[in-house]
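Colleague: Chain by chain, the residues run as shown.
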Amino acid sequence: DVKVTQSSRYLVKRTGEKVFLECVQDMDHENMFWYRQDPGLGLRLIYFSYDVKMKEKGDIPEGYSVSREKKERFSLILESASTNQTSMYLCASSLDGYEQYFGPGTRLTVT
Amino acid sequence: DAKTTQPPSMDCAEGRAANLPCNHSTISGNEYVYWYRQIHSQGPQYIIHGLKNNETNEMASLIITEDRKSSTLILPHATLRDTAVYYCIVRVGHNAGNMLTFGGGTRLMVKP
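Protein sequences appear in the order of chains A and B. Under our numbering, the first residue of the first sequence is numbered 299, with each subsequent residue one higher. Under our numbering, the first residue of the second sequence is numbered 140, with each subsequent residue one higher.
No lab work stands behind these hints: they were computed from the structure. Ideal Cβ positions, reconstructed from N, Cα and C, are used throughout, including at glycine.
Partial pick of chain B residues on the chain A-facing surface, computed with a CB cut under 7 Å:
no., residue
1, Q181
2, G182
3, P183
4, Y185
5, L239
6, F241
Model the full assembly from the supplied sequences, consistent with the hints where possible.
Modeller: So this is what it looks like as structure tokens:
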């Protein structure tokens, strides 16, 4: 079974802090994704990566950056957290782009 | 990606088949039908996908009409653990950069 793990289930940070969210997958998948999910807005793609050191912007990249130094690990960085970045963050991986396998999510609260 | 329409909620008795409909009348020839579900407080889970033929796996069956304008996800013997929001999505299948867009979905409640 594919396993996607995320570093924290719940996180509380203060406005202006730098925040790191880590995602690890164990199935040697080429593609990894970061989404955020908000009530009424559904799932929105922040960034995705199709290979090590490669990244592409999704629909809402502003205020975020990503890092993929190793194939199994994809990190999302909030350079200076703001209250409007309070959300559920979901990481996913995919071998061929057909099905995506999601982690359990990180519920981030920025106060 | 084509838009989908699903009923907002459905109930199903435990042990019975759950049939979840989805309309996608503007689907293009190269778009696949995908189903995901999300159990409360968990990440979405892939269920099944198909292009035009019916598909079955260990979780569910997917029935796509001949004109491809609608489909039905069938959970053959629903259990309480199948209570979740089910999302029907249409998208080009293999394009990794083609993100998933979840609409409102159908909230399935499996009752004892």
